[in-house]
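Q: Please take these sequences and the hints and turn them into a complete structure.
2 protein chains.
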Amino acid sequence: MKPIPVIFVGGDHGEWRVERILAIRGASLDPCASVSRIEGTVEHAPGVWALRGVRTHERYTHLAEHDQLAVMQPDLGRQSSTCAVLIPLSKSEAWWQLSQDERREVLEARSHHIATGLRYLPAIARRLYHGREIGGAFDFLTWFEFAPADRAAFDELVAKLRGTEEWRYVDREVEVRLTRDR
Amino acid sequence: MKPIPVIFVGGDHGEWRVERILAIRGASLDPCASVSRIEGTVEHAPGVWALRGVRTHERYTHLAEHDQLAVMQPDLGRQSSTCAVLIPLSKSEAWWQLSQDERREVLEARSHHIATGLRYLPAIARRLYHGREIGGAFDFLTWFEFAPADRAAFDELVAKLRGTEEWRYVDREVEVRLTRDR
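Chains as they are written, first to last, in the numbering used here: chain A, 1 to 182; chain B, 1 to 182.
Hint data in this document are derived by calculation from the structure and do not stem from the laboratory. All figures in this text were calculated on a predicted structure; none of them were measured in a lab. Be careful, since some hints might not be right.
Intra- or inter-copy, both count: the list cannot distinguish identical chains.
Below, in silico cross-link-like pairs of lysine to any residue (SDA-like), each with a Cα-Cα straight-line distance of 20 Å or less [what the hints assert, rightly or not]: (1) K160 x L121; (2) K2 x F140; (3) K2 x R59; (4) K160 x R55; (5) K2 x T82; (6) K2 x R162; (7) K160 x I134; (8) K2 x Y169; (9) K2 x R168; (10) K2 x R132; (11) K2 x I134; (12) K2 x E93; (13) K2 x L98; (14) K160 x D75; (15) K2 x Q100; (16) K2 x R172; (17) K2 x E15; (18) K160 x T82; (19) K2 x H130; (20) K160 x R110; (21) K160 x W49; (22) K2 x R52; (23) K2 x V18.
A: If you want it as structure tokens, here you go:
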């Protein structure tokens with residue numbers, strides 16, 4: 001799979017209606033009524049804001065985890081998934097200066113990031129985009145989709161991750177809660 | 001360090017004169033008289049070809065290797081370094097589908113990529129740029145600088161790397177040999 005560009009556009013109309021935008025750490029995003037997730041183009045769409053990223057190869061996942069993810073991870077766009085959350089997030093300079101083994105140690109051995117995400121599959125579908133290398137406003141854009149009945153599970157998942165050692169390296173995080181019609 | 005964009009422009013005039021352009025695997029680059037390495041801008045410079053990349057965090061280096069590199073790796077631009085080589089290179093889909101631990105295993109445990117590079121420091125200065133995430137023509141652009149007396153050492157270094165298991169995943173590689181006045 002070649003890397004696939006994505007743009008998230010916050011605007012007046014789009015597939016996903018904004019329920020709320022919450023600044024978890026650092027500056028928020030400007031208010032808007034809707035968000036569109038546009039994969040496969042680098043065209044700039046008009047909107048209040050636009051966040052760019054790239055869907056590309058996995059950076060920390062080991063083989064056993066990769067295989068588990070491949071089996072468990074549902075595709076996006078399930079009809080029942082009328083809830084979505086976009087989490088744009090950046091990590092500190094201290095994170096990026098760690099070596100690969102140190103980052104993996106913090107992310108998985110000590111923070112159980114991959115294992116925690118796996119426990120919420122297939123209910124909480126997830127897709128990660130990287131923004132750092134392309135000069136995006138955020139290092140990562142993570143997109144989640146789930147059914148209304150799984151809202152509490154999603155809340156638990158993000159609460160667990162935010163309590164980890166890895167999250168001490170997060171220096172900006174915004175949470176954009178979205179819904180759409182079935 | 002924030003990621004720094006780079007453009008290599010092959011053209012008519014520039015700091016580095018082309019000695020020869022050699023297609024190691026796959027298609028070559030069009031002939032040109034000179035190459036410029038322009039860091040910090042995404043402006044498109046006129047030329048026969050332009051290759052884009054990003055200088056960013058290390059992807060495979062473990063802490064001990066990182067620290068050794070930090071001590072041994074010379075900066076670019078040494079007055080004695082009148083030889084340079086640009087190696088644009090892409091890896092196959094099979095490589096990018098490996099998980100992080102498998103890629104590290106091939107790259108270092110079985111191919112000794114980092115250890116081999118370290119043995120040629122400080123003679124052969126090296127800087128790696130990533131092109132894959134930004135949709136560049138090559139996955140990697142590696143830039144080497146050294147003194148004329150170290151040409152044989154450089155040849156040995158690339159010959160060793162090309163004989164490794166890691167290189168079986170290379171599906172395009174071009175070698176651009178350059179010189180400049182002192």
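Q: The structure should be examined with respect to each hint, and the outcome stated for every one.
A: Verification of the hints:
1. K160 x L121: within (15 Å within a copy, 44 Å between copies)
2. K2 x F140: both (18 Å within a copy, 14 Å between copies)
3. K2 x R59: So K2 and R59 pass the 20 Å test inside a copy (15 Å) and across (18 Å) alike.
4. K160 x R55: Classified as neither: same-chain Cα gap 24 Å, cross-chain 33 Å, threshold 20 Å.
5. K2 x T82: Intra 29 Å, inter 36 Å, cutoff 20 Å: neither.
6. K2 x R162: neither (31 Å within a copy, 24 Å between copies)
7. K160 x I134: neither (29 Å within a copy, 32 Å between copies)
8. K2 x Y169: Classified as between: cross-chain Cα gap 15 Å, same-chain 29 Å, threshold 20 Å.
9. K2 x R168: Between. Shortest inter-copy distance 19 Å satisfies the 20 Å Cα cut-off; intra-copy 32 Å does not.
10. K2 x R132: So K2 and R132 pass the 20 Å test inside a copy (18 Å) and across (8 Å) alike.
11. K2 x I134: The answer is both: 15 Å in one copy and 11 Å across copies each meet 20 Å.
12. K2 x E93: between (28 Å within a copy, 8 Å between copies)
13. K2 x L98: Only across copies: K2 and L98 sit 14 Å apart there, 27 Å inside one copy, limit 20 Å.
14. K160 x D75: neither (23 Å within a copy, 42 Å between copies)
15. K2 x Q100: Result: close only across copies, 17 Å inter versus 23 Å intra.
16. K2 x R172: between (28 Å within a copy, 15 Å between copies)
17. K2 x E15: neither (26 Å within a copy, 33 Å between copies)
18. K160 x T82: neither (23 Å within a copy, 54 Å between copies)
19. K2 x H130: both (14 Å within a copy, 14 Å between copies)
20. K160 x R110: Classified as within: same-chain Cα gap 13 Å, cross-chain 37 Å, threshold 20 Å.
21. K160 x W49: Neither way: K160 and W49 sit 29 Å apart in one copy and 49 Å across, limit 20 Å.
22. K2 x R52: both (17 Å within a copy, 16 Å between copies)
23. K2 x V18: neither (31 Å within a copy, 31 Å between copies)
Against the hints set out earlier in the document, violations occur for numbers 4, 5, 6, 7, 14, 17, 18, 21, 23.
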